[in-house]
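Given these sequences and hints, build the entire structure.
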Amino acid sequence: MADYEVLAGGVNEVIRIGDTVRRPTGPWSPRVHGLLRMLAARGFRGVPRVLEITGDGFEVLDFLPGEVSNYPATPAAASPEALESAAELLRAYHDATAEYARTAPRDGWQIPAAEPVEVICHGDYAPHNCVLDGNRVAGIIDFDHARPGPRLSDVAYAAYRWVPMSAPGTVEAAGSTTEEQAARLRIFCDRYGLDDAGRAGLIDAVAARLHTVVDFMRARAAAGEEAYAGHLAAGHHVLYLGDADYVLAERDVFERHLIGWPGQARSRSSS
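Using my numbering, the final residue of the sequence shown is 886, and nothing's skipped along the way.
Source of the hints: derived by calculation from the structure; they are not laboratory data.
Virtual Cβ for every residue (Gly too), placed ideally from N, Cα, C.
Not one of these hints is a red herring.
Here are the simulated distance ranges between beta carbons:
| id | residue 1 | residue 2 | range |
| --- | --- | --- | --- |
| 1 | Gly857 | Asn685 | 13 to 23 Å |
| 2 | Phe831 | Asp618 | 28 to 38 Å |
| 3 | Arg664 | Gly784 | 40 to 50 Å |
| 4 | Thr718 | Ala655 | 16 to 26 Å |
The structure is reproduced here in structure tokens:
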């Protein structure tokens, strides 16, 4: 069938049929559907619409056309335009969810809500969950890890993935040096509009977020979920923990770019 395609889904099998995507649902899916419907009602573009919930455990969503990158990043995903537009779209998404987050249910999400609740975090805002139109990030997909929580947690993980903040010499670092990563981190935070308090806490937030990812992975593997057991067998946890140590060890370099240049204008506040 020409219009049938199995898409890379990370944990779940995702199937494109024409202009729609069919994905398995989970106990958290009603919360995600409420979020996506709210965004659609607000006219927020760049996220899939919920079209149907089937009786056999699947959801049918809009297919967002474009390129989705994995690792190492494609040239488009690694471009300055992608870095900047990824930060801008994340900020727009956060702002669109801020009011909703105040009264959104705290239970029922796959990842527990975390205080302070400021926005609905995407939870996995990375190149493999964003859609590019040319070199610009135009869409966000896979909200299974969404939850009410603080902006900084989402910004930290997004920056880690989009910069990327991985130890030089690893495949994920894509040949970048720490200085080059720090410069890209500054650009990401400027385009997002991260305030001074967020910048001061960002490196610790990145490290903490990576430890949380590993804890989640181990818990799911222990519960018998084969996909996460496969991640552990492939050494994903070693990468995350190594990168957490790396960003802490290179804190001075990252923070010199983030907060060490007084007098430079911030584009806007994240508060």
